[in-house]
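*Asks:* Residue numbers (UniProt numbering), protein chains in the order written: chain A, 1 to 935; chain H, 1 to 530.
Source of the hints: derived by calculation from the structure; they are not laboratory data.
Quick reminder that beta carbons are idealized off the backbone N, C-alpha and C, glycines included.
Errors might be hidden in some of the hints.
[Unchecked claim] Quick list of the computed label-pair ranges, beta carbon to beta carbon: (1) A:Q447 / H:S495: 36 to 42 Å; (2) A:Q447 / H:L124: 17 to 23 Å; (3) H:L124 / A:D28: 56 to 62 Å; (4) A:D28 / H:S495: 39 to 45 Å; (5) H:D390 / A:G753: 53 to 59 Å; (6) A:R29 / H:S495: 43 to 49 Å; (7) H:L400 / A:N499: 19 to 25 Å; (8) H:N77 / A:G137: 55 to 61 Å; (9) A:N284 / H:N478: 34 to 40 Å; (10) A:K727 / H:N77: 40 to 46 Å; (11) A:N499 / H:N77: 22 to 28 Å.
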Amino acid sequence: MAVNSIERMGLLSVFFVCLFFNSAFAVDRGNFKTCDQSAFCKRQRALKPGQSPYRALLETLELSDSRLTLQLINDNNKVHLLLELYRLQGNMTRVKINELKPLKPRFEVPDVLIAEPPTEPLSVLSKDDNGIVLSLGAESQRLIVSARPFRLDIMEGPEVLLSLNSRGLLAFEHLRLRKDTQAQPDGAEVKESVDGDQQQDEGQKDDDGESNKEEDGLWEETFKSHTDTKPNGPTSISLDFSLPGVEHVYGIPEHGDDLKLKTTDGGDPYRLYNLDVFQYELYNPMALYGSIPVMLAHNTQRTMGIFWLNAAETWVDISSNTAGKTVFGKMLDFVQGSSEKPQTDVRWISESGIIDVFIMLGPKPSDVFSQYASLTGTQSFPPLASLGYHQCRWNYNDQEDVKSVDQGFDQHDIPYDFIWLDIEHADGKRYFTWDPHKFSEPKEMLQGLMDKRRKMVAIVDPHIKVDSGYKIHNEITSKDFYVKNKDGRNYEGWCWPGNSGYPDFTNPEMRAWWASMFTYDQYEGSMENLFTWNDMNEPSVFNGPEVTMHKDALHGNWEHRDIHNIYGLYVQMATAEGQIQRSGGVERPFVLTRAFFAGSQRFGAVWTGDNAAEWDHLKISIPMCLSLGLVGVSFCGADVGGFFKNPSTELLVRWYQTGAYQPFFRAHAHLDTPRREPWLFGPENTALIREAIRQRYALLPYWYQLFFQAYRTGTPVMRPLWVDYPKDTATFTIDDEFLIGSDLLVHPVTEEGSRGVTAYLPGAGEVWYDVHTFQKHNGAQNLYIPVTLSSIPVFQRGGSIIPRKDRVRRSSACMENDPYTLYVALSPKKFAEGKLYIDDGHTFNYDRKKEFIHRSLTFANNALTSSNLCPECNFLTSSWIEKVLILGASKPSKVLLKMDGKETPVDFEFDSFMSVLTLRKPGMNAGDDWTLLLQ
Amino acid sequence: MTCLHLLVTLGFAVSLGTTVEVQRPRGVPLTKKHFYEENKPFTCLDGSRTIPFDRVNDDYCDCKDGSDEPGTAACPNGSFHCTNAGYRPMFIPSSRINDGICDCCDTTDEYNSGAICENTCKELGRKEREVLQKMAEITKEGFLLKQQLIEEAKKGREEKQGKVTDMQENKKQLEEKVEALRTVKETAEQPEKEAKERHLKAWEEQKAAIRLEKDKAKMAEAFSELDDNADGFVSVSELQSHVELDPDADGTLTETEVQGLMGGAAQVDTSTFESVWTNIKDKYHSESQPEEPAPVETPPDEVKEPVVDNDSEPYPEDDISEEDDEEEDDEDDYHEDDDKAPPTVKTPEKSQEDEEAMPPYDPDTQALIEAAQKARDDFEDSEKALREMDDQIRNIEKELSFDFGPDAEFTYMYSQCYELTTSEYVYRLCPFNRVSQKPKYGGSETNLGTWGSWSGPENNKYLVMKYEHGTGCWQGPNRSTTVKLTCGKETVVTSTSEPSRCEYLMEFTTPAVCQEPNNTERSPHGHEEL
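Just chain A, with the same shape it has in the complex:
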């Protein structure tokens, strides 16, 4: 297609094709920096653990009710820093370190915290020349500030939970004036390049002067053909954290790597720098499209979190004193009672900004989730339809194509909710427009979908074609909303449309204007069933350094360097706001983003970017989404089928089966791949895919309720087993299976030609039911499950109640009034509980008017009861309970429905072989109070 694509895309695609050609089969690592190639990372990493040159000046201590400040001094260069300590509500501690008197302000990341976090009083327990002991509110928690060298320890009772600067890696490159070589009296500059560095030999460096400085990249650095002018000089920061007793750390997405973070000794640190990585490789710490600088630490006793609020390029080193030990070695330690406690050490390095760390002290996993949620907010509550199946491709060619794909779903009786349009739908990649030939009547197309109660997503990327005939470009230009280059002119780079400008989304006025572009009169051809996809928002700049924006580009007063990792968040924020505004604040938005940052969960869904049709990419979709879920982003998915290359039929089927049980369920494919709509692989495979999608739709009530839960509490929807079984060490590294909520355990088949999988069923004394056969299995065992191509191993936890809508229809909207079937899976103690959440599925009325139904379902003492969790709420549903399945039941003599003081008998059937009791058509409204009595 090269010839045609050149015709179609013009010059750009020549570049594009070349770009692709360089690295036809895998990421071209040479396009992206290693730590060694990133000057500040290299400088910082050269600093080894040792005695910190920082000293706390205890005499400067000031303590207001909730804020403690203290000056630190670097004994090597006498630069003063200001330490601020806060005790935050909900068992968190905030540590801020900035220069006491910076030459100019250093960047502090706005818009991530939902509010200034509420504080709690701090009190000094004791103070002497060596330090201060502060009480951290309740419990027996104390914060110890040691003066010389400076370090912080958070203790609970006799245990150290976490220490800061215990390895002496606090380093703060202060702002300074650039002096020419002659005027520079000594080599202090070099030495100060890492202010805390004790290793460098001052005298030796004296003579090297300028050349050495160039090497260190203090005032300028070059990568490939790109030069980063650094008018502010070196500004990087670093701090180490020690976690005694911790062997498992998680989080800091996005990386194509396992759930449990690995030690980085001998390799590169995990990198956080939003990048458009072409055909990314797996199992390495390279940066990807998004960055969430949050790490979770977990052991059987406690879960904690570290939130490093910094939007600049960041590297995270992890080391562990047990990492090198074999299992045998660990056993030996155990037997011999090794004195050495396992410990994980973490070091964060960022290029600019300040140190602003939130230490979330748990102690339970759910506590950490709510602590983080209290800082950055929770997952936005998505419209119900967006939890259905999404059909995407680069590209559906024209309106006819859209229509025929839509019809294909009906012909093959496969439900779907959204069909997607990629960049080709717009007129020459001018977003907010439509190709005049291929999509000449967008409203007609959207109306056609609306008639089927379906929806559409069209892409809107943040690069704007520089074209004086393009309204969006002209308005941004006239309002002076573009990002500027270092010389103050509009920054321009190459992206899909060719030469493009990049709106400055960090500017709230720009975002307000952008949001206004989504109104129906501005966005011509749009309708209320059209939603948005923000791609390329790292931002991707084809001809920029590392395929992104130059760090010395300017966003108002701040350099791109300072804000890089949050740019993508702002794009999605402004787009979601636009969607809310177009409906007058009534309708929930749906916006998918590729780039993200801490807080992005508030604005919609994310996906794992441009993956490939390979089995490893199917496997990695699980840890990638699990990692995101742990740090707040529940609405995560991977391109089903794989974006690049062609999946085998088996891989495609397995991917549907996996994707059906992941939060964001969208098939997507590259322009150059053959079509792969679900019915193109023969009737057997169509049936397998249909079945997987139907399972998804049947479980929509459960997904929806979990998202409501996530929205309320920050608890991840898709989560690792250890979140619910925090004391079971066998779960700590599992990332080939996962939980949806607490009640469904999924072990998708992700191996080619698999004949069986071994699933770990957690929970000693618990039971799990196979959701397809209702067979009961004991917890705390590795269960071998033979599989065929139709198998999706899924288990429901004994003790849970899951509402389903087993009448699968064309789309989620069509299922609105359908009845529920309750799947009651009894625990060994014949107990079960669950929740049911119902609202209109698409407006904010659940929030603003409390228009929803939230019910608790409890099975105890042979009675299943529905009780109202929100008596003040008000919503009417026509859905009713058509069936109740009780798994692990014994046969009753009769079943009565107790409602409004009346008792009516209910028909039932009992399968004694599987111990399944089926109550036939009890018929009560899903919003009512009722009890079913088994007698």
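With chain A's structure known, arrange chain H on it following the hints.
*Replies:* For chain H alone, coordinates are given in the frame of chain A:
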């Protein structure tokens, strides 16, 4: 729940109210009515169980096969029958009952969803009849055209077969003629060859005689030159003055050496000088003539044949993209220049050669040559004619070997091309040959596939053509095109699309696929229109 019971009953009431409907549970087709006998227990159609009749259409799925709920969405695998009076009846999946979307034109699928559906059956029926009528007309005319095409094809085929037979016959004659002419040629060439050889030999002899004469004259001249004292003898000393004759080329011609040259004699007269002359004539320099310049080595005049360039052998037509064409043109230009360029080394004209030029053939020989040349020309002409005939036969045989359909109705498309211009490209379908795409506003042509095979469904493979192995796609397959044929009066490409990257789809109408009208005239729902 009671509310739902009511609705189902209401549903019955409605169906009872419309007198055209035969009373039966909602969603049951007439053909299955007898399975649903009111007030008798109902047995699931798969026989799996029997349930009270009030559980039929009670919005709860009891039968695994969904047969107890033909009129509700309760069963995941049920199907609902709409009568669609005025249009065609149909089954829809029961999941489409009351889903808020109007599926049945008689609105019967949305009896409890709040969806406002209009009965569009009459309108649809009318439209369908119109379409069918139009189709029927097209089919009728198309089928007539098809008959003509078949006739023509048959005629054409017969003609061609006849032509091939004739040509085969002619070919035989031609082969005989070629053989005969070959004999004539060979016969004429024999005397020609002999005469030419004779002529050549005579000339060689003549040349030798002349050379001998010249040598003698030179010798005499040398003798008189050497005979300084004109005594009629050439002495040792007289010869010694010619240093150039020095046999060991050491610069001095000694007496002994001279004696050697003179065969030991002290002097020689004109008759004995002959043997001495043989020894010295190659080196001897005439005293009277200035020294001849060293003879210039003249390389033989290379005859510059146009270089046969294997590299520029024409590509198979299919693979030529314009770029290649241009490149080739460039090369051709280069060769042309080469041909036009004057020979780099020119043979200096030499009088000696003129002298040595062969005299023209005598009239007899010339006559023989001309006769032989004519025989050769005649032979070559006939051979060429034979080759051409072979080609023609092959072409016709190739054409005859194509599968042009059961009645050869697709024959007429052979060697034709049909174009469709879209906003961006001109598509060109040359049936049984290739499909191509050329950008409208300049740019190279892309091969979208060459003729592969008929690949329609089993019952009629002639509804789809497949063209394969077109220009390769970057990181993808070779381009290919599927051509779907539908009945039409005209032979036209009606649409093209690229549903998948590099896989093209063309819609193509032709009378050749029009079916006999009797097969389509029967309305598929005639008997349902009550």
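*Asks:* If you test the structure against every hint from before, which numbers come out violated?
*Replies:* Checked against the structure, the hints that fail are numbers 1, 7, 11, while the rest are satisfied.
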